[in-house]
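Start counting the first sequence at 203; every next residue gets the next number (the numbering used here).
By construction, these hints were calculated from the structure, which means they are not laboratory data.
Bear in mind the structure is a predicted one, so any value in this text is a computation, not a measurement.
One or more hints might be untrue.
[Said to hold, decoys possible] Simulated restraints on C-beta separations:
hint, residue 1, residue 2, range
1, P221, E313, 20 to 28 Å
2, R347, S230, 28 to 36 Å
3, T316, K395, 33 to 41 Å
4, E374, V272, 38 to 46 Å
5, A312, R347, 34 to 42 Å
6, D266, T316, 20 to 28 Å
7, N287, K260, 33 to 41 Å
8, G283, R373, 43 to 51 Å
9, K205, M273, 21 to 29 Å
10, S304, D399, 26 to 34 Å
11, E222, R280, 44 to 52 Å
[Unchecked claim] Distance condition first, Cα-Cα at most 30 Å in a straight line; then the derived DSS-like pairs of lysine-lysine:
hint, residue 1, residue 2
12, K409, K252
13, K205, K409
14, K252, K205
15, K252, K204
16, K409, K365
17, K395, K260
18, K397, K260
19, K409, K204
20, K252, K357
21, K395, K204
22, K260, K410
23, K409, K260
24, K410, K204
25, K357, K410
26, K409, K397
27, K397, K410
28, K205, K260
29, K395, K357
30, K410, K252
31, K204, K357
32, K204, K260
All C-beta atoms, glycine included, are put in the ideal place defined by N, C-alpha and C.
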Amino acid sequence: MKKTERATEIHARLSRRYPEPEPALHWSDPWQLLVATALSAQCTDERVNKVTPIFFEKWPTIADAAGADVMEVEEVVRSTGFFRNKARNIKAAATRIMEVYSGEVPRSMAELITLGGVARKTASIVLANAFGINEGIAVDTHVKRLAFRMGLTAKTDPVQIEKDLMPLYPREQWGDINHYLVFFGREVCPARKPKCDICELNDICPKKGVK
DNA sequence: CTCCCGATAT
DNA sequence: ATATCAGGAG
203 MKKTERATEI
213 HARLSRRYPE
223 PEPALHWSDP
233 WQLLVATALS
243 AQCTDERVNK
253 VTPIFFEKWP
263 TIADAAGADV
273 MEVEEVVRST
283 GFFRNKARNI
293 KAAATRIMEV
303 YSGEVPRSMA
313 ELITLGGVAR
323 KTASIVLANA
333 FGINEGIAVD
343 THVKRLAFRM
353 GLTAKTDPVQ
363 IEKDLMPLYP
373 REQWGDINHY
383 LVFFGREVCP
393 ARKPKCDICE
403 LNDICPKKGV
413 K
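Let's have the full structure, built from the sequences with the hints guiding it.
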């Protein structure tokens, strides 16, 4: 089977498995999604969802976050790991949004990645889910692993993987394909023990039975 | 390439 | 004890 056919088939089958894609992160506006995604680096979304309600109760608005005491933010986000970087980045991002973007989360890749701690992955998530804009495909640990196992890329660098994936899908599917690969990766094809015996992509998987 | 870093599963 | 979890920066 050709790579393009396999890519299309993966989307078709997973779109049936996940009829209504929604991020597992809890959020109610673009800023909240930005913060939640920033906190999700090397951390489970479940853990992030325990932290964000406390964060947004303490600092409800972007202006509040911009004026927050970094040490207090560190305490709140500590359990998500990398807490010093994350606390500093969130405050810096909030400050820049207030000063440069009139207090509104910017709606383009070019602008979003000027915020500290925000690169293509986080920007793509915010653009796709909060604004319905598909400027890129978010490549996180799950997309990286699934794209490799399903033979959609041979690269290891997320930027290169994104370039391999983009031509395989029409732009309007870019947000969904991320969601599908993340959820399917979590539920069926995790890093350690892939469940090849119950996998509905088994027949088109180049690495079935292989680690 | 290294460093940031806590929580959880194996 | 070690690998992994919705990464990003120097």
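Hints and how they fare:
Remark: the range hint 20 to 28 Å for P221 to E313 is contradicted by a beta-carbon distance near 32 Å. Checking the proposed 28 to 36 Å range against R347 and S230 shows it holds: the Cβ atoms sit about 30 Å from each other. With their beta carbons about 40 Å apart, T316 and K395 fall inside the hinted range of 33 to 41 Å. Between E374 and V272 the CB atoms are about 40 Å apart, so this pair conforms to the stated range of 38 to 46 Å.
Between A312 and R347 the CB atoms are about 28 Å apart, so this pair departs from the stated range of 34 to 42 Å. Under the hint 20 to 28 Å, the C-beta atoms of D266 and T316, about 21 Å apart, fit the expected range. Between N287 and K260, the C-beta spacing of about 19 Å breaks the proposed range 33 to 41 Å. Checked against the hint of 43 to 51 Å, the pair G283 and R373 fails, with Cβ atoms roughly 33 Å apart.
The supplied range of 21 to 29 Å is broken by K205 and M273, whose beta-carbon atoms lie about 50 Å from each other. Against the hinted window of 26 to 34 Å, the Cβ-Cβ separation of S304 and D399 comes to about 54 Å, which falls outside the hint. About 33 Å separates the C-beta atoms of E222 and R280, a value inconsistent with the hinted range of 44 to 52 Å. With a C-alpha separation of about 36 Å, the suggested pair K409 and K252 falls outside the 30 Å cut-off, and the hint is violated.
A distance of roughly 14 Å separates the Cα atoms of K205 and K409; the hinted pair therefore holds under the 30 Å criterion. Of the supplied pair hints, the one linking K252 and K205 is violated, its CA atoms being roughly 39 Å apart against a limit of 30 Å. For a cut-off of 30 Å, the pair hint linking K252 to K204 is broken: about 43 Å separates their Cα positions. At most 30 Å may separate the alpha-carbon atoms for a hinted pair to count; K409 and K365 meet this at roughly 22 Å.
For the proposed pair K395 and K260, the alpha carbon gap of about 39 Å is over 30 Å, so the pair is violated. Restraint check for K397 and K260: not satisfied, since their Cα atoms lie roughly 41 Å apart, outside the 30 Å limit. Proposed proximity of K409 and K204 is supported: the alpha carbons are some 15 Å apart, at most 30 Å. With a C-alpha separation of about 34 Å, the suggested pairing of K252 with K357 is violated against the 30 Å cut-off.
With a C-alpha separation of about 26 Å, the suggested pairing of K395 with K204 holds against the 30 Å cut-off. Simply put, K260 and K410 have alpha-carbon atoms about 47 Å apart, too far for the 30 Å limit, and the pair is violated. Between K409 and K260 the alpha-carbon distance is near 47 Å, which puts this suggested pair outside the 30 Å criterion. For the given pair, K410 sits about 16 Å from K204 by alpha-carbon distance, which is consistent with the 30 Å threshold.
Of the pairs offered as hints, the one joining K357 and K410 holds, with about 19 Å between alpha carbons and a cut-off of 30 Å not exceeded. Taking the CA atoms of K409 and K397, the gap is near 12 Å; set against the 30 Å cutoff, the hint holds. Restraint check: the Cα-Cα separation between K397 and K410 comes to about 10 Å, which is no more than 30 Å; the hinted pair holds. Only pairs whose Cα atoms come within 30 Å are accepted, and K205 paired with K260 is rejected, the gap being roughly 48 Å.
A hinted pair counts as satisfied when its Cα atoms are at most 30 Å apart, and K395 with K357 qualifies at roughly 22 Å. Distance hint between K410 and K252 is unfulfilled; the C-alpha atoms sit about 35 Å from each other, more than 30 Å. Straight-line distance between C-alpha atoms of K204 and K357 comes to about 18 Å, which keeps the hinted pair within the 30 Å bound. For the hint linking K204 to K260, the alpha-carbon distance of about 52 Å lies beyond 30 Å, and the restraint is violated.
In summary, the structure is inconsistent with hints 1, 5, 7, 8, 9, 10, 11, 12, 14, 15, 17, 18, 20, 22, 23, 28, 30, 32 from the numbered list given earlier, while agreeing with the others.
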